[in-house]
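Given the coordinates of chain A, work out where chain B should sit on it, guided by the hints.
Note that the protein sequences, when read in sequence, are chains A and B.
In this text, residue positions in the first sequence follow our numbering: the first is 55, and each later residue adds one.
In this text, residue positions in the second sequence follow our numbering: the first is 55, and each later residue adds one.
These are calculated hints, taken from the structure and not from any lab test.
Be aware that one or more of the hints could be misleading.
Any copy, or any two copies together, can satisfy a pair, since identical chains are not distinguished.
Claimed, not checked - Calculated lysine-lysine pairs in the DSSO-like style (CA-CA distance at most 30 Å, straight line):
id	residue 1	residue 2
1	K197	K149
2	K167	K100
3	K100	K197
4	K362	K167
5	K93	K167
6	K95	K167
2 protein chains.
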Amino acid sequence: MANEKKVQQNTILDIAEALKLSPATISRALNNHPHVKEKTKSDVLKMAAQLGYRRNNMASGLRSNKTYTVGLIVPRISMFFHAEVITTIQNGLHKYGYNLIICQSNDSVTMEKELTEILFSSRVDALIAACTLFTTDFSHFDKLLENGTPVYFYDRVPLHDLGATIIKGDDFRGGYMATSHLIETGCRKIAHISGPLTSNLYQNRSSGFIKAMEQHQIPVNEDWIFHQELTQNNAREAMRKLFEGDIVPDGIFTDNDSSAIAALEYAKEIGLNVPVDLKIVGYSNDPRTSIINPSITTVEQFPADFGKKIVEVLIDSLKNPNHEITKTAPIIIPIQLIRRMST
Amino acid sequence: MANEKKVQQNTILDIAEALKLSPATISRALNNHPHVKEKTKSDVLKMAAQLGYRRNNMASGLRSNKTYTVGLIVPRISMFFHAEVITTIQNGLHKYGYNLIICQSNDSVTMEKELTEILFSSRVDALIAACTLFTTDFSHFDKLLENGTPVYFYDRVPLHDLGATIIKGDDFRGGYMATSHLIETGCRKIAHISGPLTSNLYQNRSSGFIKAMEQHQIPVNEDWIFHQELTQNNAREAMRKLFEGDIVPDGIFTDNDSSAIAALEYAKEIGLNVPVDLKIVGYSNDPRTSIINPSITTVEQFPADFGKKIVEVLIDSLKNPNHEITKTAPIIIPIQLIRRMST
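So here's chain A without its partners, still in its complex pose (with noise of 0.2 Å):
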């Protein structure tokens, strides 16, 4: 049975490879899709035949009329992750004749559903998605799952289980090293400047934060933990905040390398010398952080593995679509620390 569910999945891409069209127009040709040319389908029947091709929909089930695409819906495209992530991806698909549509919710639920919804009528291969920092209800994928489109979560996934495969990154660890690194380098009072607690990705990393802070016994200020978005404009005001006050930070760890960027440009402004009266650790190794100067310690989070797994573990799916949906374990990806100048 997997043997010849493998003879049907390369005979499509050996017809496409032979005629130099791509899965997905055979795909359509073979369905008598009004979209292909007359000329086309004859050719593509004519070359199923001769390299005996054989439909088989008992073993294709569901999933008979596959699009050769996969849906992505990011939160933003414009971050050097995500954007990273997405091109490994596409590579990776490529490879295996599938094309990605890429969707930006731009941090929006309502944008979120709505796009669910669309790719969903796109019919879809399958969907991956990294969701928005103030998605609690999940409930817009269950559609995909229900209907036997497997879908991926990753970096940004949800907070509990829907039966989807999970990707991540291993958030509370990197936390935990930055913080850990601070606090080696000589830092004792230390600020945290993180994202809405809605999100899996700062709960983890604040929770890093905060045991690598007690197995040093040093005391948690709580006044000096920012959730909010963010973006540069809130990190300049958690510096106000923080340099207003009488005791002021020594060391910062921020959930994103904008806001220690904001938090660099603003230490520099009021006259701090980074790193010999404050230290500053961002995060995600964004290209931004190694040209600043001085050049920003951060945690580099493997985009590029992010995009490969996800690749390995779909193709993995949709080469044997009988396959129930099984539950994996969520998959970790490790991080590492990046030690630069401003500690």
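Same frame as chain A, but now just chain B:
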């Protein structure tokens, strides 16, 4: 007639607003789409009756089955300029009830063709595209134009008239101003790191470069003009060639900012003082150019203005679906030189 259409347009949006559903869902419900729940269909029909909605099939013509989805094909989402254009377009379209599907060609002509096919099959109401650097045959877009689906090219546009709307930057003037600025700040030996001449962008920026040189009666050294993919590696390779000769440049104009950053880093590595020994001007005002030391003079392209203009002409056309797709003169978005420490 125009009023009648306007009423219909507003009413679909009114039903959407009243039921807190997307216009796409309303449209699907009215078209009895199998993916819409029966309950939703019944709600929509009731509200449609209540608001006096009346289908105007004659007016809606070919596009009676509007999907309220616009497709976009972009070379690389990771480029700051494109990410900014896309986000502006998405936010603008959303106000009118349209969603945006984004596809990335990775500068591959084959992928651009496949993605055009996929968006055509998804029955997008309009297509927006910035072409690959190597697209010289644009016939894959014909199918949409022939079908009455409006196509908008921006930034990287066809070299000949396809009957589509063109929105592009003032690349000639950008190249001219960047080069004139180098000359006015004292440079006499100027090199140009440019992109492939298959693209309108680099044809025009190069023409601007040559025009400024000629106007100031400065000889153009053909060996100092590089037409190649604008990667950081290629820029370093160009710098190596330029600085291994007996006569070396005192000014460099690069057609993107990644190349300017690579050129600056290379110059610092070989011990040059920028701007004293060498002046550098980039293109695009990538955020990295303002934080690197020294900050880099560059050409601002105003991506948000591109996005707003595209939404304006697109919505204008979609609101009047019976208008012939008219050839309009190319829309030119002005540029501005941002002077910084590298000159």
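Hints and how they fare:
Proximity of K197 to K149 under the C-alpha cut-off of 30 Å is found in both arrangements, the shortest distances being 28 Å within a copy and 26 Å between copies. Proximity of K167 and K100 under a CA criterion of 30 Å is satisfied inter-copy only: 23 Å between copies versus 42 Å inside one chain copy. For a Cα distance limit of 30 Å, the shortest separation of K100 from K197 across copies, 25 Å, qualifies, whereas the shortest one inside one copy, 38 Å, does not. For the homomeric pair K362 and K167, the shortest alpha-carbon distances inside one copy (26 Å) and between copies (25 Å) are both at most 30 Å.
Within a single copy, K93 and K167 get their C-alpha atoms only as close as 39 Å, which misses the 30 Å cut-off; across copies the closest is 18 Å, which meets it. Within a single copy, K95 and K167 get their C-alpha atoms only as close as 36 Å, which misses the 30 Å cut-off; across copies the closest is 18 Å, which meets it.
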